[in-house]
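Chemist: Can you build the whole structure from these sequences, using the hints too?
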Amino acid sequence: MTDAAGVVEITATGDLTVRPGPNQMDGPSDEELMALIATGDRAAFQRLAARSLPFALRLARGFVRNDADAEDLAQEAMLRVWINAARWRPTAPFRAWLYRMVVNLSLNRLRRAPFSALDDVGDPADPGLDALAGLEAREEKHRIDEAIAALPERQRTAIVLTYQEGFSNSETAVVLDSTVSGVEALLARARQTLRKALKPSRDED
Amino acid sequence: MSLTRLMMLIGGGPDRAGRSAEADDTIEAWLRDHFHATAAPAGDAAERVLSRLMSRPLPPQRRARLTGWWPSALLTSEFAPAWPRLAVLAVVAALGFALGSLDFARMHDRNAPTPLGFSATEGELGGILFDEDV
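Those protein sequence lines, which keep their order, are chains C and R. Each residue of the first sequence is one higher than the one before, starting from 1 at the first, in the working numbering. Each residue of the second sequence is one higher than the one before, starting from 1 at the first, in the working numbering.
These aren't lab readings, by the way, just hints derived from the structure by calculation. Please note that the accuracy of each hint is not assured.
Ranges of calculated distance between the beta carbons of each label pair, as one might list FRET restraints [claimed, not checked]:
no., chain 1, residue 1, chain 2, residue 2, range
1, C, S170, R, S51, 33 to 39 angstroms
2, C, E31, R, D44, 25 to 31 angstroms
3, R, P57, C, R189, 43 to 49 angstroms
4, C, K196, R, P59, 43 to 49 angstroms
5, C, K199, R, S51, 43 to 49 angstroms
6, C, T91, R, P60, 22 to 28 angstroms
Glycine included, each C-beta is placed from N, C-alpha and C at the ideal position.
Modeler: Structure, rendered in structure tokens:
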């Protein structure tokens with residue numbers, strides 16, 4: 001998420017890649033676009049939305065786990081960017097502010113409608129697995145999603161930002177309005193909670 | 001690593017401490033794999049949301065906080081007469097007149113106590129302002 005070094009991603013094959021950060025793309029930076037949006041510039045808003053929506057969608061989907069809700073949340077977040085552009089101050093990167101908004105909207109949505117089954121429509125079919133192995137894989141994913149969804153909100157947020165978005169602890173701290181040590185404690189408690197949730201029962205031993 | 005193997009690590013055993021550390025490292029790697037395996041590409045969805053956003057008028061923007069408390073009637077640059085603006089200007093004018101009238105009344109009452117607690121006659125004032133001719 002940093003401006004200078006870009007954003008490190010881990011691909012599905014486990015390779016590390018670096019994609020340009022928001023301020024490395026051609027054209028004005030996010031902060032420059034926000035200054036234009038504050039004056040009512042629709043073109044600047046469209047440009048910033050086109051750049052930010054993929055990140056907002058991916059983050060929202062990490063919480064709500066279905067495409068329709070994720071799209072609604074990302075749209076609502078961008079509308080709030082437009083409405084509050086004149087009040088935004090660049091004390092932190094724009095992306096941190098956007099992420100915080102998406103996180104808050106996602107958590108509010110989950111409070112109204114608790115975790116539902118993972119949407120399987122987007123899962124690609126793996127021709128290498130037989131039917132039983134595919135079923136087991138889907139069940140495992142569902143069990144993991146249930147365990148993550150059962151985490152307390154701040155622990156779940158820290159998990160999503162760290163393991164899905166690839167944020168560092170300092171970047172996660174900015175979004176959560178916390179400290180690095182606070183984020184480390186959240187992640188440690190989240191891992192401990194997941195261990196307890198996934199611990200096999202006596203019947204399974 | 002499968003969930004079953006991870007659960008065996010978490011379950012503990014004779015070497016509980018060793019299994020705990022290994023389980024922590026494994027959970028981290030396993031969480032990363034899980035999120036990246038289930039992440040769906042957002043390309044089409046982003047275009048859909050963007051088209052929905054731009055296909056309709058955007059809502060009104062909130063003003064910056066420094067001017068947020070001003071009545072909106074005073075912030076517009078349109079000077080065409082309109083009763084809300086006239087009403088606001090009339091109230092402001094009345095307040096200004098009331099404040100100015102209070103000071104004006106005190107200035108004309110020479111015998112009224114000044115804020116400093118004494119009154120001055122014209123002669124005394126002349127002595128303060130001008131030195132006597134030597």
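Chemist: Now tell me if each hint is right for this structure.
Modeler: Quick rundown of the hints versus the structure:
{"no.": "1", "hint": "C:S170 with R:S51: 33 to 39 angstroms", "result": "holds (36 angstroms)"}
{"no.": "2", "hint": "C:E31 with R:D44: 25 to 31 angstroms", "result": "holds (28 angstroms)"}
{"no.": "3", "hint": "R:P57 with C:R189: 43 to 49 angstroms", "result": "holds (45 angstroms)"}
{"no.": "4", "hint": "C:K196 with R:P59: 43 to 49 angstroms", "result": "holds (45 angstroms)"}
{"no.": "5", "hint": "C:K199 with R:S51: 43 to 49 angstroms", "result": "holds (47 angstroms)"}
{"no.": "6", "hint": "C:T91 with R:P60: 22 to 28 angstroms", "result": "holds (25 angstroms)"}
In terms of the numbered hints stated before, the structure departs from none.
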